[in-house]
Every structure is written in C-alpha cells, then in structure tokens.
Amino acid sequence: GAGVSQSPRYKVAKRGQDVALRCDPISGHVSLFWYQQALGQGPEFLTYFQNEAQLDKSGLPSDRFFAERPEGSVSTLKIQRTQQEDSAVYLCASRPYRSLTDNEQFFGPGTRLTVL
Amino acid sequence: DAKTTQPPSMDCAEGRAANLPCNHSTISGNEYVYWYRQIHSQGPQYIIHGLKNNETNEMASLIITEDRKSSTLILPHATLRDTAVYYCIVISGTASKLTFGTGTRLQVTL
Chain A
39 GAGVSQSPRY
49 KVAKRGQDVA
59 LRCDPISGHV
69 SLFWYQQALG
79 QGPEFLTYFQ
89 NEAQLDKSGL
99 PSDRFFAERP
109 EGSVSTLKIQ
119 RTQQEDSAVY
129 LCASRPYRSL
139 TDNEQFFGPG
149 TRLTVL
Chain B
3 DAKTTQPPSM
13 DCAEGRAANL
23 PCNHSTISGN
33 EYVYWYRQIH
43 SQGPQYIIHG
53 LKNNETNEMA
63 SLIITEDRKS
73 STLILPHATL
83 RDTAVYYCIV
93 ISGTASKLTF
103 GTGTRLQVTL
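Respectively, the protein sequence lines represent chains A and B. Following my numbering, the numbering of the first sequence begins with 39 at its first residue and continues without gaps. Following my numbering, the numbering of the second sequence begins with 3 at its first residue and continues without gaps.
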C-alpha cells in the first residue's frame, strides 16, 4: 500500500522567502508528526497532530514556523521569511492510532530545504 | 524520557550477526525501548520495541537486560542493505514524540 508521501522532495528558497511543505499521511492514520533533521544529526520533533487538533507544538523553533492539518488528513508545514539556519530535511510521520503500548511511526522520505 | 547512549559507529561483515548496544540507565518503569533505523536519504524506519521481555520479529531481536538499564539490537544475518544509522529511543507509553539522538552508524561490509 501507499506510504507517507511528501512534496516537494527538494526545495531551494532564497533567504526571506516563504515556503510550504506538504505531507500526505497513510490513509486513516490518526496521528501526524513533523520532524526537522539537520545534516549529520538525528531528527528533532517539531509538532504533533491528532486528527485536526495540534496537540503539541513545543518543538517549533520560532513563530516563523506554522503547521496545519485542517481536515485531519493532509498537513502543511509553512516557514515564513526563511533563514539559512532553516536548511534541513523536514520529515513527516503518521501513526494509525493512539496506543499506550505501540508508538510505531511511519515516516515519509522527507523534503530537503536549502535556503540560500 | 530517559537519555540513551550508543556508540557512534560499528562495522559488521555481511552474513554475520550485528549486535548494537544501547545504554539507558535512567529508564523508568513505564518507558519502552524502541529501535528505528535510517538508511541514507530515506526517512526513519521502525524496527522493534519492548518493555522488559526480549522481543523478536522478522527484522531483528531485542534483548533487554533484567535491570532494563541496557539493551542490544541483534540483526542475525546482516546484509549490505542493513547499512544505516540505528537509533535507540526510550519513550513512555503516554508520550508521542520520538527523541532520536545521534544513533549508531552501522557499516556492513563484504
């Protein structure tokens, strides 16, 4: 079956531009996560949705970062006025349901953002 | 969530078992041990998880010490396609976000 898809796969932006990154989770998955991965580092949590509700946005680095999931399926991560330090791979993951014993998350291939 | 410590890199010959260690000495009773891996230019992939008993699935085995302060991920017959960064993550049952750390880079060689 189809996995998590992300678009675009690569994005080059000039400093100061706004960008929008899209995530299509696995159909029916309740939870959706965004992570940021800098070069040579492990992924770092940005934000988490359960259906359309954003339950945790503690990892968003600044108010330039905004995420939404209005209908509880597709999600968009928006970065306003991009800076060079925003250059990273942005990973999206989805999870089918909320379980205390199973936290398997399914990751997409990521969007590599380069800010010049 | 408890902090984990992993060696930065390991090598393994193809066909041999790869044993990847992880220390999590501050793990608490309701925290699970999860393993994910990330092959170059791909998103992380779930491998296995456990609470206190040893676990096995089609990909790997997870051995957790009796005091739960450390664990070992075992790939029984490593192949070149197992070359990846392996992350050991400790997370409580009520938490959602994964904290990855820097992981162990496993290089499988001919």
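Take the hints with a grain of salt, since some may be wrong.
[To be verified] Only pairs whose alpha carbons sit at most 20 angstroms apart, straight line, appear in this in silico EDC-like list of lysine to aspartate or glutamate:
hint, chain 1, residue 1, chain 2, residue 2
1, B, Lys99, B, Glu33
2, A, Lys116, A, Asp101
3, B, Lys71, B, Asp84
4, B, Lys99, A, Glu82
5, A, Lys52, A, Glu90
6, B, Lys99, B, Asp84
7, B, Lys71, B, Glu16
8, B, Lys54, A, Glu106
9, B, Lys5, A, Glu82
10, A, Lys52, A, Asp62
11, B, Lys54, A, Asp140
12, B, Lys54, B, Glu33
13, B, Lys99, A, Glu106
14, B, Lys5, B, Asp84
15, A, Lys52, A, Glu123
16, A, Lys116, A, Asp56
17, B, Lys5, B, Asp69
18, A, Lys49, A, Glu123
19, B, Lys54, A, Glu123
20, B, Lys99, A, Asp140
21, B, Lys99, A, Asp56
22, A, Lys95, A, Glu82
23, A, Lys116, A, Glu82
24, B, Lys71, A, Glu82
25, A, Lys116, A, Asp140
26, B, Lys99, A, Asp62
The hints are simulated quantities; they were obtained by calculation from the structure and are not laboratory data.
Hint check results:
The hinted pair formed by Lys99/B and Glu33/B meets the criterion: a straight-line CA distance of about 13 angstroms does not exceed 20 angstroms. The straight-line distance between the Cα atoms of Lys116/A and Asp101/A is roughly 10 angstroms, inside the 20 angstroms bound, and the hint therefore holds. Under the criterion of a C-alpha separation no larger than 20 angstroms, the hint pairing Lys71/B with Asp84/B is inconsistent with the structure, at around 26 angstroms. Simply put, Lys99/B and Glu82/A have alpha-carbon atoms about 9 angstroms apart, close enough for the 20 angstroms limit, and the pair holds.
Straight-line distance between C-alpha atoms of Lys52/A and Glu90/A comes to about 31 angstroms, which puts the hinted pair past the 20 angstroms bound. Proximity of Lys99/B to Asp84/B is assessed by CA-CA distance (about 25 angstroms); at most 20 angstroms being required, the pair is judged violated. The straight-line distance between the Cα atoms of Lys71/B and Glu16/B is roughly 29 angstroms, outside the 20 angstroms bound, and the hint therefore fails. Proposed proximity of Lys54/B and Glu106/A is contradicted: the alpha carbons are some 37 angstroms apart, above 20 angstroms.
Proposed proximity of Lys5/B and Glu82/A is supported: the alpha carbons are some 14 angstroms apart, at most 20 angstroms. Proposed proximity of Lys52/A and Asp62/A is contradicted: the alpha carbons are some 25 angstroms apart, above 20 angstroms. With a CA separation close to 14 angstroms, the supplied pair Lys54/B and Asp140/A stays within the 20 angstroms bound. Proposed proximity of Lys54/B and Glu33/B is supported: the alpha carbons are some 9 angstroms apart, at most 20 angstroms.
With a C-alpha separation of about 17 angstroms, the suggested pair Lys99/B and Glu106/A falls inside the 20 angstroms cut-off, and the hint holds. For the hint pairing Lys5/B with Asp84/B, the CA-to-CA distance comes to about 25 angstroms; that exceeds 20 angstroms, so the pair is violated. Between the alpha carbons of Lys52/A and Glu123/A the distance comes to roughly 12 angstroms, so the proposed pair stays at or under 20 angstroms and holds. Note on Lys116/A and Asp56/A: the hinted pairing holds, with a Cα-Cα distance of about 7 angstroms set against a maximum of 20 angstroms.
This hinted pair checks out: Lys5/B and Asp69/B have alpha carbons roughly 16 angstroms apart, not beyond 20 angstroms. For the hint pairing Lys49/A with Glu123/A, the CA-to-CA distance comes to about 14 angstroms; that is within 20 angstroms, so the pair holds. At most 20 angstroms may separate the alpha-carbon atoms for a hinted pair to count; Lys54/B and Glu123/A exceed this at roughly 40 angstroms. Restraint check for Lys99/B and Asp140/A: the C-alpha separation of about 12 angstroms stays at or below 20 angstroms, so the hint holds.
Of the supplied pair hints, the one linking Lys99/B and Asp56/A is violated, its CA atoms being roughly 26 angstroms apart against a limit of 20 angstroms. Between the alpha carbons of Lys95/A and Glu82/A the distance comes to roughly 12 angstroms, so the proposed pair stays at or under 20 angstroms and holds. With a C-alpha separation of about 17 angstroms, the suggested pair Lys116/A and Glu82/A falls inside the 20 angstroms cut-off, and the hint holds. Under the criterion of a C-alpha separation no larger than 20 angstroms, the hint pairing Lys71/B with Glu82/A is inconsistent with the structure, at around 24 angstroms.
Simply put, Lys116/A and Asp140/A have alpha-carbon atoms about 29 angstroms apart, too far for the 20 angstroms limit, and the pair is violated. Proposed proximity of Lys99/B and Asp62/A is supported: the alpha carbons are some 19 angstroms apart, at most 20 angstroms.
The structure fails hints 3, 5, 6, 7, 8, 10, 14, 19, 21, 24, 25 (numbered hints given earlier, in ascending order).
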